[in-house]
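Participant: Below are the chains, spelled out letter by letter.
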Amino acid sequence: MSHSEHHTERNSLAYSIEKNVEVYTQKCYQCGKCSAGCPVAEEMDFPPSMVMRLLQTEDPANDDKILRSHSIWLCVTCEMCLSRCPMEIDIPSMMDYLRQRSRSEKKVNKKAKNIIAFHKAFLNSIKYTGRLFELGLILDYKRQSLNLMQDVALAPKMISRGKLHLFPFMIKGRDQMTRIFKNTSK
Amino acid sequence: MKTGIYPGCSLTGSARDYNESVFAIAEAFGLEFTQIPDWNCCGATAAHNLNKDLSLALPARILALAEKNGLDEIIVPCAACYSRLVVTQHELKKDPELKNRICEVIEMDYRGTSVILNVIEWIDKYIVPKLEEKIVKPFNYKVACYYGCLLVRPNKILNYDRVEDPQTLDVVMSKLGATPIDYPYKTECCGAGLSISRTDIVSKLSGKIIEDAEHRGADAIVVACPMCHSNLDMRRPDINKYWDTEFKIPVIFVTQAIGLAVGLSPQKVGLKRHFVEVKIS
Amino acid sequence: MARIGVFICHCGENISATVDCGKVAETIGKLKHVAYSTEYKYMCSDPGQTLIKDAIKEHKLTGVVVSACSPRMHEPTFRKACAEGGLNPFLCEMANLREHCSWVHEKNELTTEKAIDIVRTQVEKVKLNSALQPIKVPVTKTAMVIGGGIAGIQAALDIANTGHKVVMIERSPSIGGHMSQLSETFPTLDCSQCILTPRMVEVAQHPNITLYTYAEVESVEGFIGNFKVKVRKKAKSLDEKICTGCGLCTTKCPQKKIPNEFEQGMGMRPAIYVPFPQAVPNRPVIDKEHCTYYIKGKCKICEVVCPTKAIRFDQPDEILDLEIGAIVVATGFDIKHADFFPEYGYGKYKDIIDGLQFERLASASGPTAGEIRRPSDGQVPKNIVFIACAGSRDPAKGIAYCSKICCMYTAKHAMLYKHKVHEGRAHVFYMDIRSGGKNYDEFVRRAIEEDHVNYIRGRVSTVFERDGKLIVKGVDTLLGAQPVEIVADMVVLATAGVANAGAEDLAQKLHVSYDQHKFFAEAHPKLKPVETNTAGIFLAGACQNPKDIPDAVSQASGSAVKVAALFSQDMLTREPLVAVVNRYAPPMYSTCVGCFLCQSVCPYQAIEREEFKNRDGKVVKTVAKINEGLCQGCGTCVALCRSKSIDLLGYSNNQVHAEVMALLNEY
Numbered sequence: 008m009s010h011s012e013h014h015t016e017r018n019s020l021a022y023s024i025e026k027n028v029e030v031y032t033q034k035c036y037q038c039g040k041c042s043a044g045c046p047v048a049e050e051m052d053f054p055p056s057m058v059m060r061l062l063q064t065e066d067p068a069n070d071d072k073i074l075r076s077h078s079i080w081l082c083v084t085c086e087m088c089l090s091r092c093p094m095e096i097d098i099p100s101m102m103d104y105l106r107q108r109s110r111s112e113k114k115v116n117k118k119a120k121n122i123i124a125f126h127k128a129f130l131n132s133i134k135y136t137g138r139l140f141e142l143g144l145i146l147d148y149k150r151q152s153l154n155l156m157q158d159v160a161l162a163p164k165m166i167s168r169g170k171l172h173l174f175p176f177m178i179k180g181r182d183q184m185t186r187i188f189k190n191t192s193k
Numbered sequence: 077m078k079t080g081i082y083p084g085c086s087l088t089g090s091a092r093d094y095n096e097s098v099f100a101i102a103e104a105f106g107l108e109f110t111q112i113p114d115w116n117c118c119g120a121t122a123a124h125n126l127n128k129d130l131s132l133a134l135p136a137r138i139l140a141l142a143e144k145n146g147l148d149e150i151i152v153p154c155a156a157c158y159s160r161l162v163v164t165q166h167e168l169k170k171d172p173e174l175k176n177r178i179c180e181v182i183e184m185d186y187r188g189t190s191v192i193l194n195v196i197e198w199i200d201k202y203i204v205p206k207l208e209e210k211i212v213k214p215f216n217y218k219v220a221c222y223y224g225c226l227l228v229r230p231n232k233i234l235n236y237d238r239v240e241d242p243q244t245l246d247v248v249m250s251k252l253g254a255t256p257i258d259y260p261y262k263t264e265c266c267g268a269g270l271s272i273s274r275t276d277i278v279s280k281l282s283g284k285i286i287e288d289a290e291h292r293g294a295d296a297i298v299v300a301c302p303m304c305h306s307n308l309d310m311r312r313p314d315i316n317k318y319w320d321t322e323f324k325i326p327v328i329f330v331t332q333a334i335g336l337a338v339g340l341s342p343q344k345v346g347l348k349r350h351f352v353e354v355k356i357s
Numbered sequence: 020m021a022r023i024g025v026f027i028c029h030c031g032e033n034i035s036a037t038v039d040c041g042k043v044a045e046t047i048g049k050l051k052h053v054a055y056s057t058e059y060k061y062m063c064s065d066p067g068q069t070l071i072k073d074a075i076k077e078h079k080l081t082g083v084v085v086s087a088c089s090p091r092m093h094e095p096t097f098r099k100a101c102a103e104g105g106l107n108p109f110l111c112e113m114a115n116l117r118e119h120c121s122w123v124h125e126k127n128e129l130t131t132e133k134a135i136d137i138v139r140t141q142v143e144k145v146k147l148n149s150a151l152q153p154i155k156v157p158v159t160k161t162a163m164v165i166g167g168g169i170a171g172i173q174a175a176l177d178i179a180n181t182g183h184k185v186v187m188i189e190r191s192p193s194i195g196g197h198m199s200q201l202s203e204t205f206p207t208l209d210c211s212q213c214i215l216t217p218r219m220v221e222v223a224q225h226p227n228i229t230l231y232t233y234a235e236v237e238s239v240e241g242f243i244g245n246f247k248v249k250v251r252k253k254a255k256s257l258d259e260k261i262c263t264g265c266g267l268c269t270t271k272c273p274q275k276k277i278p279n280e281f282e283q284g285m286g287m288r289p290a291i292y293v294p295f296p297q298a299v300p301n302r303p304v305i306d307k308e309h310c311t312y313y314i315k316g317k318c319k320i321c322e323v324v325c326p327t328k329a330i331r332f333d334q335p336d337e338i339l340d341l342e343i344g345a346i347v348v349a350t351g352f353d354i355k356h357a358d359f360f361p362e363y364g365y366g367k368y369k370d371i372i373d374g375l376q377f378e379r380l381a382s383a384s385g386p387t388a389g390e391i392r393r394p395s396d397g398q399v400p401k402n403i404v405f406i407a408c409a410g411s412r413d414p415a416k417g418i419a420y421c422s423k424i425c426c427m428y429t430a431k432h433a434m435l436y437k438h439k440v441h442e443g444r445a446h447v448f449y450m451d452i453r454s455g456g457k458n459y460d461e462f463v464r465r466a467i468e469e470d471h472v473n474y475i476r477g478r479v480s481t482v483f484e485r486d487g488k489l490i491v492k493g494v495d496t497l498l499g500a501q502p503v504e505i506v507a508d509m510v511v512l513a514t515a516g517v518a519n520a521g522a523e524d525l526a527q528k529l530h531v532s533y534d535q536h537k538f539f540a541e542a543h544p545k546l547k548p549v550e551t552n553t554a555g556i557f558l559a560g561a562c563q564n565p566k567d568i569p570d571a572v573s574q575a576s577g578s579a580v581k582v583a584a585l586f587s588q589d590m591l592t593r594e595p596l597v598a599v600v601n602r603y604a605p606p607m608y609s610t611c612v613g614c615f616l617c618q619s620v621c622p623y624q625a626i627e628r629e630e631f632k633n634r635d636g637k638v639v640k641t642v643a644k645i646n647e648g649l650c651q652g653c654g655t656c657v658a659l660c661r662s663k664s665i666d667l668l669g670y671s672n673n674q675v676h677a678e679v680m681a682l683l684n685e686y
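Chains as they are written, first to last, in our numbering: chain A, 8 to 193; chain B, 77 to 357; chain C, 20 to 686.
Honestly, I wouldn't trust all of these hints.
[Unchecked claim] Derived list of chain A stretches under chain C, where covered just means 3 residues or more per stretch with a C-beta under 8 angstroms from a C-beta of chain C:
id, stretch
1, 32-41
2, 46-57
3, 61-72
[Said to hold, decoys possible] Label pairs and their computed distance ranges (CB to CB):
id, chain 1, residue 1, chain 2, residue 2, range
4, C, ASP589, A, GLN33, 52 to 58 angstroms
5, A, TYR36, B, PRO205, 46 to 52 angstroms
6, C, ASN473, B, GLU322, 36 to 42 angstroms
7, C, MET590, A, TYR36, 49 to 55 angstroms
8, B, GLU322, C, ARG464, 50 to 56 angstroms
9, B, PRO113, C, ALA415, 40 to 46 angstroms
10, C, ASN552, B, VAL204, 53 to 59 angstroms
11, A, SER23, C, ASP451, 49 to 55 angstroms
12, C, LYS369, A, LYS134, 53 to 59 angstroms
13, A, GLN33, C, ASN684, 25 to 31 angstroms
14, B, GLU322, C, GLU468, 35 to 41 angstroms
15, B, ASN216, C, CYS210, 27 to 33 angstroms
16, B, VAL204, C, CYS614, 53 to 59 angstroms
[Said to hold, decoys possible] From the derived model, a few chain A residues whose C-beta atoms are all more than 10 angstroms from chain C:
id, residue
17, HIS77
18, TYR104
19, ARG110
20, GLU112
21, ASN131
22, LYS149
23, GLN151
24, SER152
Please keep in mind that the hints were generated in silico from the structure rather than gathered at the bench.
Every residue gets a Cβ at the ideal spot worked out from N, C-alpha and C, and that includes glycine.
Taking the hints into account, I'd like the entire structure generated from these sequences.
Facilitator: Set out below in structure tokens:
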């Protein structure tokens with residue numbers, strides 16, 4: 008049982024979080040205030056305080072659960088948890104890290120597919136132009152999510168209100184943008 | 077003191093009404109600012125969700141451009157962009173090694189000297205001093221001031237207003253003649269970036285915000301963030317469907333309220349572009 | 020001719036496992052002036068001590084060095100042994116071979132050499148020791164108890180019952196403290212005032228106790244057994260000797276809407292008021308900040324209606340100068356109020372109250388005559404939420420500690436509510452249940468099992484008001500952090516216990532240490548819980564840290580016995596290891612130039628000024644004088660004195676010099 012192996016060698020997710028994000032999971036005493044104030048807690052498979060508890064066990068099976076969870080993708084980084092946490096644990100930064108780990112270890116929860124599709128579409132849009140091209144974002148999202156009917160009724164209303172450009176804006180430094188993307192990709 | 081402005085992708089895209097109102101009231105108050113030349117997207121939530129270095133590099137380029145063009149202070153009307161810029165400035169200041177690495181990535185020099193102002197700070201600094209003499213149509217309505225998440229959190233980094241029951245926007249609205257109500261949903265999340273991928277969650281959360289404001293008898297919800305506006309306004313049909321109710325309360329930007337109060341037309345401040353009809357003006 | 024005896028202790032194996040004691044004894048034995056050098060397994064034992072006594076007689080020793088543990092362990096033991104052996108106890112020194120040597124090094128030659136060095140320094144020092152005599156200081160056998168809550172009352176009664184005089188100072192108009200505000204106490208559900216008021220009356224009537232209420236300590240000077248305390252008796256604006264306590268004035272006062280401190284703001288009081296019906300002394304005071312006469316110069320209705328003409332407007336404060344031998348600080352604590360919590364509305368919502376406010380609602384003598392009612396509309400709440408750990412165990416709010424009593428009083432509040440409102444629902448949001456006292460856990464179980472209080476493990480993120488109700492957003496961590504929302508009629512916060520207002524000021528006046536939370540510091544957390552580091556000043560009750568009534572009473576009795584022990588002697592004995600400013604014959608008097616820098620740095624206020632006058636009575640020189648009653652021998656003045664006029668007995672400049680030279684092998 009991993010609880011007993013707790014203190015010998017630490018190669019857990021909690022340890023990586025300590026090293027990379029400077030968040031110390033031992034500080035959490037499971038008061039639950041974060042979960043109580045989290046706007047999407049009801050949708051999550053593991054509300055934030057449960058994610059903390061799973062991390063605290065430093066059990067590889069639990070670490071796996073976290074990386075495969077829907078919770079980490081539902082988190083909208085509203086920062087409410089951090090603002091109420093009595094131990095001032097930076098849960099949002101920890102969530103960012105968990106998301107990146109989840110992707111790099113290819114453990115992304117299937118239910119979060121669309122959420123990630125959106126983020127990827129967003130970044131794809133700015134990679135080559137430098138600024139968000141909303142129409143491009145929507146089309147790329149639909150391609151990835153296969154959610155072809157998403158907001159179809161909305162598009163004409165957006166166009167009539169002048170809120171949707173039909174062509175992207177290309178910044179002059181777009182080569183620099185592409186290089187920035189390249190230099191930060193892993 | 078040279079002032080710059082970072083509109084961000086929302087203002088030049090779907091939050092065109094916000095952009096118009098910002099420039100309209102700047103003109104009305106004789107204020108000048110320079111758009112940061114060749115600015116790029118700050119990365120918003122997508123970058124920090126997927127790639128930490130990218131999420132720091134994109135805002136760093138913006139700040140570096142501002143410095144390069146001699147802009148001492150930057151106005152950032154979008155709360156999300158504001159949050160990314162301030163957080164990036166903070167992270168790079170805290171960790172010089174990280175700063176050097178990011179400078180290499182963006183291929184630019186960066187010192188972190190710019191002062192970053194959110195829209196309310198800009199209003200407090202440049203507009204409020206001249207406000208009283210310019211008001212011709214006091215904004216005599218009951219308003220629910222909705223701050224959203226990123227103007228006040230994370231408090232330790234942004235150092236702006238107070239996290240619970242903030243007051244800066246309420247004060248600005250009072251100065252316009254409005255009556256801000258005691259509103260518990262001031263900083264409750266609207267659902268943010270899940271607008272497209274999980275419209276149901278946005279409908280639920282934004283719905284709560286709207287329902288409470290209407291229940292307390294507010295005539296309008298005042299916002300200072302284009303994402304919040306989009307979720308509360310553009311998503312209204314989805315919200316109404318989810319809640320099986322017809323919510324009618326309009327959502328206006330603080331800059332639009334100021335514009336109306338100093339006599340600008342609803343057209344000029346972009347009110348006609350809203351999804352929810354703004355009957356007040 | 021110096022004849023030094025050296026005793027190397029093995030301390031079982033503590034020293035001998037790392038230090039070659041035999042070699043140390045042998046090497047030291049060869050030194051000049053060492054008449055006897057030996058080793059032994061347990062010097063502190065009876066045979067060990069006998070070894071010293073016999074050696075003193077046999078070898079006619081003029082000084083003793085016991086090389087063993089730290090002097091903080093056994094210096095008194097060995098000094099006593101020497102005294103019994105006929106040698107002045109201050110001619111005995113200890114060389115620390117344990118904490119300073121064997122416990123911090125590995126076993127090797129260097130360690131033994133270090134041990135030899137240490138012993139040698141003490142040998143060189145003790146040769147210069149003087150046969151000092153203990154200092155005797157007279158004791159004033161009157162105690163002062165600051166604070167009239169249950170702890171202060173207990174301490175005062177205990178001291179008074181030993182036959183000594185007690186002066187009690189209480190800053191509010193009546194004694195009783197927070198205990199008088201409670202409705203019932205855990206775990207017995209005794210009526211608080213019923214058990215307290217007999218004690219209050221006893222204090223008032225005790226022949227040995229002088230009670231000053233509406234009074235505060237102004238300044239404290241002096242030292243143990245000899246304090247000089249100035250007390251400010253704030254003007255009550257009446258002649259207490261004539262006032263009969265009939266209370267007519269309080270009914271006629273036109274200023275009726277002043278928030279009542281005793282009711283924690285839940286009720287009102289007039290400007291001339293008695294805090295509560297059972298107040299001791301039962302005399303009103305005029306609140307100058309709200310009285311029409313004091314603000315505008317008009318009214319004076321109370322003066323007109325008073326049957327005995329006892330009102331005295333413009334009565335000045337009175338300053339008393341008291342001679343006190345020992346002080347017990349029992350100033351109690353306070354709690355945070357609802358306005359401390361941003362996430363619970365910053366105090367905006369009337370129906371979110373704190374624990375003491377709930378006590379007043381539940382109290383038969385309270386603003387609602389014991390009925391639990393919502394402050395906003397007076398309705399009886401049908402659904403109450405109690406939030407435990409509100410502010411405590413919360414480093415983000417600056418209060419990392421546990422306030423100890425809240426788990427118990429929250430259970431009590433929930434039970435009282437259920438007893439009064441049978442069909443009501445009570446919910447408690449908790450993190451842990453801390454009920455470690457006698458019959459405490461059974462009490463909490465009673466709340467859960469018999470009174471059906473709903474305990475939910477989790478903290479509450481936020482509370483806000485909607486349509487006159489309070490929306491409580493919490494979580495149930497035992498259900499996997501499932502969010503829980505309760506629509507409550509009233510929310511009671513079990514807020515953090517904090518130091519009382521003015522605690523820091525008082526601590527500064529008394530020169531007593533306090534921590535970052537302004538709680539007074541005990542001398543040792545385990546073994547000296549009722550003493551402070553300031554001799555003669557003791558602690559009782561919650562001024563040290565939040566605690567319940569049994570603990571406060573125990574501690575008060577403990578401090579009382581310390582006071583009684585102090586007063587059991589006519590003279591106090593102090594160690595003579597104090598600083599001394601030199602004195603010479605006139606016209607020099609002293610090499611001290613009178614700069615008094617020493618006086619400003621002395622942490623114990625032990626330095627005085629002595630004037631030397633010539634035959635005409637004119638002051639010719641003012642020099643520093645160390646008060647040997649207060650001096651703790653820290654040596655700060657010795658180090659600072661630029662004319663080198665001060666020396667430390669027992670650690671004189673010469674002695675320290677000798678030690679250093681011994682280390683440098685120049686002896």
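Participant: Can the suggested window of 53 to 59 angstroms be confirmed for the beta-carbon pair LYS369 of chain C and LYS134 of chain A?
Facilitator: Given about 55 angstroms between the Cβ atoms, the range holds.
Participant: How does the stretch 32-41 of chain A fare against chain C when you require at least three residues with a CB closer than 8 angstroms, holds or violated?
Facilitator: holds (count 6)
Participant: Are there at least three residues in the stretch 46-57 of chain A whose beta carbon sits under 8 angstroms from a beta carbon of chain C?
Facilitator: Since 7 is at least three, the answer is holds.
Participant: Does ASN131 of chain A really sit off the interface, with its C-beta more than 10 angstroms from all C-beta atoms of chain C?
Facilitator: Consistent with the label, ASN131 of chain A stays out of reach of chain C, its closest Cβ about 35 angstroms off (over 10 angstroms).
Participant: Could one say that the CB atoms of TYR36 of chain A and PRO205 of chain B fall in the range 46 to 52 angstroms?
Facilitator: Because 48 angstroms falls inside the window, the suggested range holds.
Participant: For TYR104 of chain A, is the shortest CB-to-CB distance to chain C above 10 angstroms, so the non-interface label stands?
Facilitator: holds (20 angstroms)
Participant: Is it true that the C-beta distance of ASN473 of chain C to GLU322 of chain B lies inside 36 to 42 angstroms, as the hint says?
Facilitator: Holds: the Cβ-Cβ distance is about 38 angstroms, inside 36 to 42 angstroms.
Participant: Honestly, do ASN552 of chain C and VAL204 of chain B meet the 53 to 59 angstroms range at C-beta?
Facilitator: holds (54 angstroms)
Participant: Starting from the range 53 to 59 angstroms, see whether the pair VAL204 of chain B and CYS614 of chain C falls in it by beta-carbon distance.
Facilitator: For VAL204 of chain B and CYS614 of chain C the Cβ distance comes to about 58 angstroms; the hint holds.
Participant: Just want to verify: LYS149 of chain A was marked as not at the interface with chain C; is every Cβ pair farther apart than 10 angstroms?
Facilitator: Label holds. Min Cβ-Cβ 33 angstroms, cutoff 10 angstroms.
Participant: Could you see if the CB distance from GLN33 of chain A to ASN684 of chain C stays within 25 to 31 angstroms?
Facilitator: Taking Cβ atoms as reference, GLN33 of chain A and ASN684 of chain C lie about 52 angstroms apart, which means the hint is violated.
Participant: Note whether the CB distance of ASP589 of chain C and GLN33 of chain A lies within 52 to 58 angstroms or breaks it.
Facilitator: holds (57 angstroms)
When held up to the earlier numbered hints, the structure conflicts with 3, 11, 13, 14, 15 and fits the remainder.
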